[in-house]
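Build the full structure now, drawing on both the sequences and the hints.
These protein sequence lines map, in sequence, to chains A and B. Sequence positions in the first sequence follow the numbering used here and run 1 to 112. Sequence positions in the second sequence follow the numbering used here and run 1 to 113.
Just so you know, these hints were derived from the structure itself, not from any lab. Warning: the hint list may mix true and false statements.
What the hints assert, rightly or not - Here are the simulated distance ranges between beta carbons:
#	chain 1	residue 1	chain 2	residue 2	range
1	B	Ala-17	A	Asn-65	40 to 50 Å
2	B	Leu-75	A	Met-41	22 to 32 Å
3	A	Trp-96	B	Ala-17	11 to 21 Å
4	B	Pro-10	A	Ser-80	20 to 30 Å
5	A	Asn-65	B	Glu-5	22 to 32 Å
6	A	Asp-26	B	Arg-94	20 to 30 Å
Cβ coordinates follow ideal geometry from the N, Cα and C atoms, glycine included.
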Amino acid sequence: NAGVTQTPKFQVLKTGQSMTLQCAQDMNHNSMYWYRQDPGMGLRLIYYSASEGTTDKGEVPNGYNVSRLNKREFSLRLESAAPSQTSVYFCASSEWGTDTQYFGPGTRLTVL
Amino acid sequence: QKEVEQNSGPLSVPEGAIASLNCTYSDRGSQSFFWYRQYSGKSPELIMSIYSNGDKEDGRFTAQLNKASQYVSLLIRDSQPSDSATYLCAVNIRDNQGGKLIFGQGTELSVKP
Chain A
1 NAGVTQTPKF QVLKTGQSMT LQCAQDMNHN SMYWYRQDPG MGLRLIYYSA SEGTTDKGEV
61 PNGYNVSRLN KREFSLRLES AAPSQTSVYF CASSEWGTDT QYFGPGTRLT VL
Chain B
1 QKEVEQNSGP LSVPEGAIAS LNCTYSDRGS QSFFWYRQYS GKSPELIMSI YSNGDKEDGR
61 FTAQLNKASQ YVSLLIRDSQ PSDSATYLCA VNIRDNQGGK LIFGQGTELS VKP
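And the structure:
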């Protein structure tokens, strides 16, 4: 099992460009999450999906959209990237009701 | 007030000593508590979970929970240089979608040989 996978690993964008971060899990988990991590800020929840077909905003959703494509895949889209979105992005998954989350390797995004 | 608070550190301990990491939380309804370890440039990995008041031991790690004081801690005995990492405390928040975790900002631990 690969667990949680994320693509790409690194990305550099110019201000105003768009991109989609991909996440997939092979653990048959119902719930999936997107976080961003900035120095000294810990992990902040952007969006989450408790189950296929549902999505909800987290702590810092502005500037992002998500799609729960199926049970395995949960993508994060930046429509018009801004330098403030420079961060490391982590995807995670969990079985509904267990709270234990498993993380992907992360995407390091720089917006110039 | 932040929902989950940790001292950011860095916390420096000599090799072989006990490292004590602390976390407080604000939601009295929280039922699940987690400690994640994160090496520089890597993703968080779960090292301990605790759900009931008291102590839970796993090898050199002991998690302690006191719900009345809204306090959870992690003790690392016989600290090794390989324990040098950032430790993240996470607490569950229940909502109508099932729940989510709120993370503290992390405590950086440095174990000196």
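Against the structure, the hints:
Under the hint 40 to 50 Å, the C-beta atoms of Ala-17(B) and Asn-65(A), about 47 Å apart, fit the expected range. At roughly 25 Å, the beta-carbon separation of Leu-75(B) and Met-41(A) lies within the given 22 to 32 Å, and the hint holds. Between Trp-96(A) and Ala-17(B) the C-beta distance comes to about 40 Å, which lies outside the given range of 11 to 21 Å. For the hinted restraint 20 to 30 Å between Pro-10(B) and Ser-80(A), the CB-CB distance of approximately 37 Å leaves it violated.
A hinted range of 22 to 32 Å holds for the C-beta pair Asn-65(A) and Glu-5(B), which are about 31 Å apart. Taking 20 to 30 Å as the suggested C-beta distance range, the pair Asp-26(A) and Arg-94(B) conforms, at roughly 27 Å.
The structure fails to meet hints 3 and 4 from the earlier list, while all remaining hints are met.
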